[in-house]
Amino acid sequence: MAHRIRTRQLQKVAQVTVQRALPFPGEIRVQRGQTVTPTEIIGQCRLPGRIVVVNIAAALGLPTPDMAEVMLKGEQQPVEEGEPIARLQSRRPFGKRVCKSPVTGVIAGLVGNRALIETGARLKKVPALVGGQVIRVNHARSVAIQTTATVIQAACGLGKESSGILKAASTNPADDLDGEAFDVLDRQSVFVAGGTVNKAAIRRAEAIGVVGLIVGSIDAALLDMDPPPQIPVVATEGFGRRPMAPQTFELLQTRLNEEASIQMLKPPPAQWGICRPTIFISGPPPGESLPGPEAGVAPAGGVTRRSPVRALREPSAWGRGRVAGIPDAPCVTEAGIAYHGANVTINGETRFIPWFNLEHLL
Amino acid sequence: MADAKIASILAADCGALVTKVALIDRTEGVYRFVALAKTASTHGPPWGDVTLGIVEAIKQLERTTGRELLSPMGTPLVPHISSQEGVDAFAAVISAGEPLHILLAGLTKAVSLQATRRAIAATYAVIDHQFALDDRLHEQGIEHRITAIRQAPSDLILLVGGSEGGAGAPVINLAQTISMALRVLPAGSRPHIIYAGNTALRAQLAEMFGGLADFKPVNNVAPAPHQEDLSGLQAELDILYLQRKMSQIPGVNALSKWSGNRITTTARSFAQTVWYIGQSYNITALGVNVGGNSTTVAAKRGEFQHSLIRSDIGAGNCLPALLQESSAENICRWLPFEFSAAEAKNYLHNKSLYPQTVPQTLPELHLELAVAREVMRLASAQARRTWPTAGNRRGERLNWDLIIGAGESLTNLPHPAPAVLALLDGLEPAGILSLAVDSHSLTGMLGGIAAVEPLAAAQVAGYDALLTLGAVVAPVGVGRPGETALKFKMVYEDGRRIETIKIPFGTIQVIPLESHEKATLEIRPTRNFSMQPSGRAAGSGVAAVVRGGVLGVIIDTRGRPIRQAKTEADRRRQMEGWLQKLGFEGDNPQTETDGNTGHGASN
Numbered sequence: 167m168a169h170r171i172r173t174r175q176l177q178k179v180a181q182v183t184v185q186r187a188l189p190f191p192g193e194i195r196v197q198r199g200q201t202v203t204p205t206e207i208i209g210q211c212r213l214p215g216r217i218v219v220v221n222i223a224a225a226l227g228l229p230t231p232d233m234a235e236v237m238l239k240g241e242q243q244p245v246e247e248g249e250p251i252a253r254l255q256s257r258r259p260f261g262k263r264v265c266k267s268p269v270t271g272v273i274a275g276l277v278g279n280r281a282l283i284e285t286g287a288r289l290k291k292v293p294a295l296v297g298g299q300v301i302r303v304n305h306a307r308s309v310a311i312q313t314t315a316t317v318i319q320a321a322c323g324l325g326k327e328s329s330g331i332l333k334a335a336s337t338n339p340a341d342d343l344d345g346e347a348f349d350v351l352d353r354q355s356v357f358v359a360g361g362t363v364n365k366a367a368i369r370r371a372e373a374i375g376v377v378g379l380i381v382g383s384i385d386a387a388l389l390d391m392d393p394p395p396q397i398p399v400v401a402t403e404g405f406g407r408r409p410m411a412p413q414t415f416e417l418l419q420t421r422l423n424e425e426a427s428i429q430m431l432k433p434p435p436a437q438w439g440i441c442r443p444t445i446f447i448s449g450p451p452p453g454e455s456l457p458g459p460e461a462g463v464a465p466a467g468g469v470t471r472r473s474p475v476r477a478l479r480e481p482s483a484w485g486r487g488r489v490a491g492i493p494d495a496p497c498v499t500e501a502g503i504a505y506h507g508a509n510v511t512i513n514g515e516t517r518f519i520p521w522f523n524l525e526h527l528l
Numbered sequence: 033m034a035d036a037k038i039a040s041i042l043a044a045d046c047g048a049l050v051t052k053v054a055l056i057d058r059t060e061g062v063y064r065f066v067a068l069a070k071t072a073s074t075h076g077p078p079w080g081d082v083t084l085g086i087v088e089a090i091k092q093l094e095r096t097t098g099r100e101l102l103s104p105m106g107t108p109l110v111p112h113i114s115s116q117e118g119v120d121a122f123a124a125v126i127s128a129g130e131p132l133h134i135l136l137a138g139l140t141k142a143v144s145l146q147a148t149r150r151a152i153a154a155t156y157a158v159i160d161h162q163f164a165l166d167d168r169l170h171e172q173g174i175e176h177r178i179t180a181i182r183q184a185p186s187d188l189i190l191l192v193g194g195s196e197g198g199a200g201a202p203v204i205n206l207a208q209t210i211s212m213a214l215r216v217l218p219a220g221s222r223p224h225i226i227y228a229g230n231t232a233l234r235a236q237l238a239e240m241f242g243g244l245a246d247f248k249p250v251n252n253v254a255p256a257p258h259q260e261d262l263s264g265l266q267a268e269l270d271i272l273y274l275q276r277k278m279s280q281i282p283g284v285n286a287l288s289k290w291s292g293n294r295i296t297t298t299a300r301s302f303a304q305t306v307w308y309i310g311q312s313y314n315i316t317a318l319g320v321n322v323g324g325n326s327t328t329v330a331a332k333r334g335e336f337q338h339s340l341i342r343s344d345i346g347a348g349n350c351l352p353a354l355l356q357e358s359s360a361e362n363i364c365r366w367l368p369f370e371f372s373a374a375e376a377k378n379y380l381h382n383k384s385l386y387p388q389t390v391p392q393t394l395p396e397l398h399l400e401l402a403v404a405r406e407v408m409r410l411a412s413a414q415a416r417r418t419w420p421t422a423g424n425r426r427g428e429r430l431n432w433d434l435i436i437g438a439g440e441s442l443t444n445l446p447h448p449a450p451a452v453l454a455l456l457d458g459l460e461p462a463g464i465l466s467l468a469v470d471s472h473s474l475t476g477m478l479g480g481i482a483a484v485e486p487l488a489a490a491q492v493a494g495y496d497a498l499l500t501l502g503a504v505v506a507p508v509g510v511g512r513p514g515e516t517a518l519k520f521k522m523v524y525e526d527g528r529r530i531e532t533i534k535i536p537f538g539t540i541q542v543i544p545l546e547s548h549e550k551a552t553l554e555i556r557p558t559r560n561f562s563m564q565p566s567g568r569a570a571g572s573g574v575a576a577v578v579r580g581g582v583l584g585v586i587i588d589t590r591g592r593p594i595r596q597a598k599t600e601a602d603r604r605r606q607m608e609g610w611l612q613k614l615g616f617e618g619d620n621p622q623t624e625t626d627g628n629t630g631h632g633a634s635n
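Chains as they are written, first to last, in my numbering: chain A, 167 to 528; chain B, 33 to 635.
Chain A with its partners taken away, still in its complex shape (with noise of 0.2 Å):
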């Protein structure tokens, strides 16, 4: 019998969809069916500035100006700091009276007495982040992009999403990243190490000009960075101190030298800045074939007997092993709860663990 339980990328080569969207409504510049590179511009928006009110009736003296009348601009029209945007005409001497934008900016709304200047506005645009062809187009706002990639889905990370050339601090799974390990020759490059990164190591790497970071774990502590890190640093285990687990530590050493592109999705707030990443390399390993349309995609009903699982909780927190039997009954755990779940092998040795506590690996 077959059970549904929640899943994790790590294929070496996968026939994969990545949306990609815009923060706010705006202009997408592909196509559908159009190839797009990593870094090629898949479309562009406002992110918005702050607002500055300027009370035009206090400007030229009057209780209530017919605002038709005295204003040189409109909504959404363009102004500079120091331009007139209203003006009163008036025949007495020294009657005239001109209001002059405090900013550069738009007038972004004309209500009652007042202006509303929006300034610091600037344009964001989107890169596609993967190579691969357009499949789908949401007007205005997002669109699929379907590639070939090895995917790896990380448990955790902080920063913003960036692509850069893979490379390894080092060989060794158990090495935590140090600041030792780059120099400006690393700029534009994404780093790999299997054990931690701390803060020290960060800020370097951000000095450099790295411009990703992906670990086996990282430290709760790190999300109290102020400012936060301008740089994806990613975990593929979670938080605490655990080495990366030697199937992906092994993937990326495969893929060394080629680009890597790390995508940061954010959950909801309550999750509080913790994003989900997921790393993509572009195309097949070398030696690799194309990918079948089912890769990537659970079994249907889910997992079965020796279907790949990661443990999420201890006693086996994070291992990874297949499943050697699915018992009808609930079976009670060390804390002495009954639960339904899975016997699993992880490293020789079988135990039972609650369907809540495991991942399906894909």
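Read the hints as simulated data drawn from the structure, not as lab findings.
Check before you lean on any hint, since a few could be wrong.
Stated by the list, open to error - Cβ-Cβ distance ranges computed for the label pairs, FRET-style:
| no. | chain 1 | residue 1 | chain 2 | residue 2 | range |
| --- | --- | --- | --- | --- | --- |
| 1 | B | A597 | A | N304 | 58 to 66 Å |
| 2 | B | N293 | A | R369 | 53 to 61 Å |
| 3 | A | S336 | B | G98 | 52 to 60 Å |
| 4 | B | E357 | A | A187 | 25 to 33 Å |
| 5 | A | T516 | B | E546 | 35 to 43 Å |
| 6 | B | R512 | A | N338 | 54 to 62 Å |
| 7 | A | N221 | B | P257 | 42 to 50 Å |
| 8 | A | P268 | B | P420 | 48 to 56 Å |
| 9 | B | G220 | A | A287 | 14 to 22 Å |
| 10 | A | P452 | B | R605 | 38 to 46 Å |
Positions of the beta carbon are idealized from the N, C-alpha and C atoms, including for glycine.
Using the hints, position chain B against chain A.
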């Protein structure tokens, strides 16, 4: 009067993390709980359909009971075909949705905003931002308010302020700021507006917001000094929650059809259960339900009934929020083993990544209970401020006849002792009361069952929903270790006696008294202690007849507030000792200090 057609009910509770389905049958004219099944909730990825988890749970029930409960199409088999095939009704409650995000704008923090916060607390909502004319932002001008409105991802702006017949200009000024902000937001992303202030301003505000956003006026929450009317606002928030949030849960349309369009929220259902129990037995009742993404505190005292929902703290995704409001140190202080604050932060953040996971080891069980304590502490402290004072100072400790604990972390345990200790530590009840837990996860669904068959809900509540842990005797006061806190005497119904014993300060003692037994207690606190939760009448004796429970009579003289030992090592020994006194002999192993519980896993 029971509907003669309804002999069996399937009831589902779709939580943020766990979906539970219970089977209720009418046997010899009485509705009784038969079986329960639990699975991971499936509204989120990779499943994206809340009904998948329900079907999985129903399949478990089929295996457990040997009955056919699903149709060939994979839907609940309603109505029943025979005693072994189908049920007569399907009921559902749900708490899987995102909360409403609210931006609160009012005149004064102390009056209008405070009353409004109490109304908001009764629904699944979080306040993203609030501003009042008397707060610091006022000095920074309307630009900052407009920025706050634009940046907050709010579903709703709630504008309050102005007593009836009072000045309207401040409210109009506030409304103008809001309308300015709305004008610079894209039409499709403007929040809904609810106005709950001076009714004389409704027409003017309707005109101001007309064409900008949906505008709904409701009763003034603070119509006059020291008066509150929260019902209109609460009703409107409930409607908005159903329309904007619950409707977005994947699969909820099918669920709604299965249940005859009678879905309600788990929090509402839980509160109704607590209120019903309080009313039926004519007692004061307090219930706390620690959920995955939210926590509900429901209270019933005479005519007063209220519920509070903290949609930002629970035992799952919201753990980082709990860390911000409490601290890792506060959580670690409840552990009977060594565990640093840094390790706790890593553990809790991992748990927030995988909130559906369950503790497999005893150390992780203790961690989950430590979290539950902090969640209960924060939620009950906030709820306490809403309870009637009746001569007490607002926020003062009140006496309760019955306290009910619900939620996986409090009920899914190998022994009742950890639940007892967690409830005592988290809620710090005082006086003489009965403690119970919802051992079958039914209290959250009984409100939904009542919508189908009220008698079923009433009978299951009476017979099956609660496991009585025991009678608690907890004096208020602080003493020196070893100093006598109270003298205790007990006479069983059958005449057996426990003659006067001295109970020292700082201990937990358990006296056997079975669930079906009653006994008369005579308690004489010493001069530094009181049996009144308010702390008054120190030294005055009380007598009470109590019913037992699975543990019996639990005498808790640790004081209120509870005083823990000063050093970490002593605190750990204390926790171990208290658990042992309650009969829990689970191992409390040493842990490695590498930021993870237990031993490191090998990959």
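How the hints compare with the structure:
1. B/A597 x A/N304: 58 to 66 Å: Distance hint for B/A597, A/N304 holds at roughly 60 Å.
2. B/N293 x A/R369: 53 to 61 Å: holds, 56 Å
3. A/S336 x B/G98: 52 to 60 Å: About 58 Å separates the Cβ atoms of A/S336 and B/G98, which means 52 to 60 Å holds.
4. B/E357 x A/A187: 25 to 33 Å: Holds - the Cβ-Cβ distance for B/E357 and A/A187, about 32 Å, lies within 25 to 33 Å.
5. A/T516 x B/E546: 35 to 43 Å: holds, 42 Å
6. B/R512 x A/N338: 54 to 62 Å: Once the Cβ atoms are compared, 57 Å apart, the range 54 to 62 Å for A/N338 and B/R512 holds.
7. A/N221 x B/P257: 42 to 50 Å: With Cβ atoms ~34 Å apart, the hint is violated.
8. A/P268 x B/P420: 48 to 56 Å: About 53 Å separates the Cβ atoms of A/P268 and B/P420, which means 48 to 56 Å holds.
9. B/G220 x A/A287: 14 to 22 Å: holds, 18 Å
10. A/P452 x B/R605: 38 to 46 Å: violated, 60 Å
When held up to the earlier numbered hints, the structure conflicts with 7 and 10 and fits the remainder.
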